[in-house]
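Enquirer: Sequence:
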Amino acid sequence: MDYLPLFVELKERPVLLVGGGHVAARKAFLLLRAGARLRVIAPQLCDELHLAYQQEKIEWVSAKYQSEYLLGMMLVIVATDDSVLNQQVYLDAQARHIFVNVVDSQPQCSFIFPAIIDRNPILIAISSAGKAPVLVRMIREKLEALLPNSLGTMATIAGKWRNKVKRQLGSFQARCRFWEQAFSGKFAALVASDQLAQAEALLAQQLKQKEIQQGELALVGAGPGDAGLLTLRGLQVIQQAEVVLYDSLVSPEVLELVRRDADTICVGKRAGHHSVSQEETNALIVKYAQLGKRVVRLKGGDPFIFGRGGEELEVAVQHGISFQVIPGVTAASGASAYAGIPLTHRQYAQTVTFMTGHCKPDGIEPDWASLAQANHTLAIYMGTTKAELISQRLIKLGRSPLTPIAVISCGTRRDQQVFTGNLTQLAQLAEKAPMPALLIVGEVAALHHQLAWFGDRQSQSTSSIHSPLVHFA
Numbered sequence: 001m002d003y004l005p006l007f008v009e010l011k012e013r014p015v016l017l018v019g020g021g022h023v024a025a026r027k028a029f030l031l032l033r034a035g036a037r038l039r040v041i042a043p044q045l046c047d048e049l050h051l052a053y054q055q056e057k058i059e060w061v062s063a064k065y066q067s068e069y070l071l072g073m074m075l076v077i078v079a080t081d082d083s084v085l086n087q088q089v090y091l092d093a094q095a096r097h098i099f100v101n102v103v104d105s106q107p108q109c110s111f112i113f114p115a116i117i118d119r120n121p122i123l124i125a126i127s128s129a130g131k132a133p134v135l136v137r138m139i140r141e142k143l144e145a146l147l148p149n150s151l152g153t154m155a156t157i158a159g160k161w162r163n164k165v166k167r168q169l170g171s172f173q174a175r176c177r178f179w180e181q182a183f184s185g186k187f188a189a190l191v192a193s194d195q196l197a198q199a200e201a202l203l204a205q206q207l208k209q210k211e212i213q214q215g216e217l218a219l220v221g222a223g224p225g226d227a228g229l230l231t232l233r234g235l236q237v238i239q240q241a242e243v244v245l246y247d248s249l250v251s252p253e254v255l256e257l258v259r260r261d262a263d264t265i266c267v268g269k270r271a272g273h274h275s276v277s278q279e280e281t282n283a284l285i286v287k288y289a290q291l292g293k294r295v296v297r298l299k300g301g302d303p304f305i306f307g308r309g310g311e312e313l314e315v316a317v318q319h320g321i322s323f324q325v326i327p328g329v330t331a332a333s334g335a336s337a338y339a340g341i342p343l344t345h346r347q348y349a350q351t352v353t354f355m356t357g358h359c360k361p362d363g364i365e366p367d368w369a370s371l372a373q374a375n376h377t378l379a380i381y382m383g384t385t386k387a388e389l390i391s392q393r394l395i396k397l398g399r400s401p402l403t404p405i406a407v408i409s410c411g412t413r414r415d416q417q418v419f420t421g422n423l424t425q426l427a428q429l430a431e432k433a434p435m436p437a438l439l440i441v442g443e444v445a446a447l448h449h450q451l452a453w454f455g456d457r458q459s460q461s462t463s464s465i466h467s468p469l470v471h472f473a
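Under UniProt numbering, the letters of the sequence shown match residues 1 to 473, in that order.
Derived from the structure by calculation, the hints contain no laboratory data.
Built from N, CA and C at the ideal position, the CB exists for glycine as well.
Check the hints yourself; a few may be wrong.
[What the hints assert, rightly or not] Computed list of lysine-lysine pairs in DSSO-like fashion (alpha-carbon distance at most 27 angstroms, straight line): (1) 432 - 396; (2) 386 - 396; (3) 164 - 208.
[To be verified] Derived Cβ-Cβ restraints for the label pairs, each shown as a range: (4) 32 - 186: 34 to 42 angstroms; (5) 135 - 12: 47 to 55 angstroms; (6) 290 - 311: 17 to 25 angstroms; (7) 346 - 318: 25 to 33 angstroms; (8) 7 - 166: 53 to 61 angstroms; (9) 255 - 61: 49 to 57 angstroms; (10) 385 - 192: 49 to 57 angstroms.
Turn these sequences into a full structure, and let the hints guide you.
Expert: Below is the structure:
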């Protein structure tokens, strides 16, 4: 984070603006809207600023800039086309530890103006730390279109009712639910249609209702890593969660999207590392749901594909806990797509099987004969430790030793790596691949070198060239 975002209260606080042109005027009116006491240093003023001066909204000093003008100032904004003057003001302000902004010169800024979406009292600020202002403008335009103008009015009413709701509803959890229901329900619709009296009457009615405190569970698929693959519904649910029990495979980028005041608890299971048992995870789900919490069980990939989601829902049913399931992009489809490996292809694979290389000790042995058929893609989860066994079984039952394979490490993430070779090399490649890793067995794996699109393709090819294990199709 290059800059700490702050909302600064400027009412009646002294701010210095050096420059009197149209760019300076844009900054001046923004500062005046925030209530700043503005002094402008400039030999001449543009028409907009001159009118503001005549209306006694600003103080105008037509003399040449002197460092003494910085005394007592909270902020300094410089908007001139004189680079020497700009640098002098910047250095003077820095020496006095005063925040300074030289317009359109990011290296000469100790603070920057973000793009602002104003739904007073709701304010949204967007910044690229001065690196991509056009991109920021485009983001702002999209958000302006999404956010209704009634947000500010809704927030104002909420502020008016806040203490009353706090007195009526003793717990923080109950207050959160009250406001979430209001902001997403009929109250919001009434405010949007400017029926403010009816909106407040509805709040009063809902406040008298006694809410039954009942917890709930949501199984949410976080996808294979890239936060952009989290579904919109998944994002909405994790933003409402009070407790999030997450896997080790859930990426930090996805966890950053979880509601800030939620309790987040890692219940990950990783081979060779300290793990939380399934029984402990089940107990936590029951514990927090019975306390009336909205619990999210956040799982890497999809909760119903090798995620033990079914087992956890069975526990919820046993304890009478209501639940919902939000699917996610499973690792096989996400990681293979980011590696440029289509799981099916009319020429190379007419079927695909998702399988796990890690079964319960008393689990049923896979049907290796059917898995060994040609033109059949295998996407193998949790298979690195059993890669040697998998390779041996498939070759023994007829799969060609030269069948292309790929080991996709950290699929869809920035550190994604793809190791390719043939079936005889599966164990060696799996052993060197960073976790988590997905194994792909089948003719389609050879298409990686032709269809790879994500990440630094040159670095992938280079790492492959230096490995004697790699087979190029």
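Enquirer: State for each hint whether it applies.
Expert: These are the hints, each one checked on the structure:
{"no.": "1", "hint": "432 - 396", "verdict": "holds (24 angstroms)"}
{"no.": "2", "hint": "386 - 396", "verdict": "holds (15 angstroms)"}
{"no.": "3", "hint": "164 - 208", "verdict": "holds (11 angstroms)"}
{"no.": "4", "hint": "32 - 186: 34 to 42 angstroms", "verdict": "holds (38 angstroms)"}
{"no.": "5", "hint": "135 - 12: 47 to 55 angstroms", "verdict": "violated (35 angstroms)"}
{"no.": "6", "hint": "290 - 311: 17 to 25 angstroms", "verdict": "holds (19 angstroms)"}
{"no.": "7", "hint": "346 - 318: 25 to 33 angstroms", "verdict": "violated (46 angstroms)"}
{"no.": "8", "hint": "7 - 166: 53 to 61 angstroms", "verdict": "violated (23 angstroms)"}
{"no.": "9", "hint": "255 - 61: 49 to 57 angstroms", "verdict": "holds (51 angstroms)"}
{"no.": "10", "hint": "385 - 192: 49 to 57 angstroms", "verdict": "holds (56 angstroms)"}
The earlier numbered hints that this structure contradicts are 5, 7 and 8.
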